[in-house]
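Please model the complete structure; the sequences and the hints are all you need to start from.
One point on numbering: in the working numbering, the residue at position 36 of the sequence shown is 324, and numbering is uninterrupted.
Keep in mind the hints are simulated off the structure, nothing from the lab.
C-beta: ideal position from N, C-alpha, C; glycine also.
Treat the hints with care, as some may be off.
[To be verified] The calculated SDA-like cross-link candidates involving lysine to any residue, where the alpha carbons are at most 20 angstroms apart (straight line), are:
#, residue 1, residue 2
1, Lys501, Lys485
2, Lys471, Pro451
3, Lys471, Pro508
4, Lys498, Glu467
5, Lys381, Leu433
6, Lys381, Ala417
7, Lys488, Ala462
8, Lys483, Val446
9, Lys485, Asn452
10, Lys437, Ala449
11, Lys476, Lys498
12, Lys447, Asp479
[Said to hold, decoys possible] With beta-carbon atoms standing in for the labels, derived distance ranges:
#, residue 1, residue 2, range
13, Arg442, Gln365, 17 to 27 angstroms
14, Gly377, Gly487, 44 to 54 angstroms
15, Asn396, Lys445, 17 to 27 angstroms
16, Lys498, Ala376, 48 to 58 angstroms
17, Gly377, Glu486, 41 to 51 angstroms
18, Gly477, Ala375, 14 to 24 angstroms
19, Gln509, Ala417, 29 to 39 angstroms
20, Gly377, Glu475, 37 to 47 angstroms
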Amino acid sequence: MNFLPLRVAAMTVAILTGLLGPGPAKGADQAEAMKTAIAHLDEVVQKLLSDPNLGTIVAGFKQMYAGSPLLLAIRLQRVDVASELLAAGANVKEPLNEELPLTAAVINCGQEMVSLLLDSGADPNQLAAPDDFPALFHSVLMQKLELTKLLISRGAKVKQAGPNGRTPLHVVGAMTDDEATAKFLIEKGADPLAKDKEGKTAFDLAVAAKHDKVAKVLQPQK
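The following block contains the structure:
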């Protein structure tokens, strides 16, 4: 059977996932099977380096295993593999299925992966599609304050509005009760009086969501 490299990689990952979970393979058998799977994964990585921008959808596997080699490495939190792919020419600005590598890194990883992509030319304000949200929205939504700080330090626009007119501060008000992030965004220039397309401020959304800590930070001064 002829498999594309990414498909083989996905199957290897699936094997590893199965081995790590509950199942009949235990002890020496499990250890040997894992060793074999990991060995195959290393071989596949080398094959992927010959075409780091290869894109394919892997039939029969979860969405986690669909995409380019770089996106796969990011979802698996493999900074070492992502670094090799980028060095081999993987396109850090190329969206696949309307997902950017930087967005995937913010969602799935920590500072090391995000820093790697930014150092490799990722644009923190890039959109994968006209109705997309930039990376900063995702770090705020997931309450990853250190990533929020990193993205802003690397040029992410704190006042940038999404397709619904909401800014990152609106996201904090509506979706989290993250007082620290609200304070930081305001410190960096976020406008607490900015209104979305429905005419609502971040404070309005925080009150509606009963996010009392954020509402207190955002409450208009009398």
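Results of checking the hints against the structure:
1. Lys501 to Lys485: This hinted pair is violated, its Cα atoms lying about 24 angstroms apart.
2. Lys471 to Pro451: violated, 24 angstroms
3. Lys471 to Pro508: holds, 14 angstroms
4. Lys498 to Glu467: holds, 13 angstroms
5. Lys381 to Leu433: Violated, at about 23 angstroms.
6. Lys381 to Ala417: holds, 12 angstroms
7. Lys488 to Ala462: holds, 10 angstroms
8. Lys483 to Val446: holds, 14 angstroms
9. Lys485 to Asn452: Status holds; Cα separation ~6 angstroms.
10. Lys437 to Ala449: holds, 18 angstroms
11. Lys476 to Lys498: violated, 25 angstroms
12. Lys447 to Asp479: holds, 7 angstroms
13. Arg442 to Gln365: 17 to 27 angstroms: holds, 20 angstroms
14. Gly377 to Gly487: 44 to 54 angstroms: Since Gly377 and Gly487 have Cβ atoms about 47 angstroms apart, the given range 44 to 54 angstroms holds.
15. Asn396 to Lys445: 17 to 27 angstroms: holds, 23 angstroms
16. Lys498 to Ala376: 48 to 58 angstroms: Roughly 49 angstroms apart at Cβ, these two residues keep to the hinted range, so it holds.
17. Gly377 to Glu486: 41 to 51 angstroms: holds, 44 angstroms
18. Gly477 to Ala375: 14 to 24 angstroms: violated, 35 angstroms
19. Gln509 to Ala417: 29 to 39 angstroms: For Ala417 against Gln509, whose Cβ atoms are near 38 angstroms apart, the range 29 to 39 angstroms holds.
20. Gly377 to Glu475: 37 to 47 angstroms: holds, 39 angstroms
When the structure is compared with the earlier hints, violations turn up for hints 1, 2, 5, 11, 18 and for no others.
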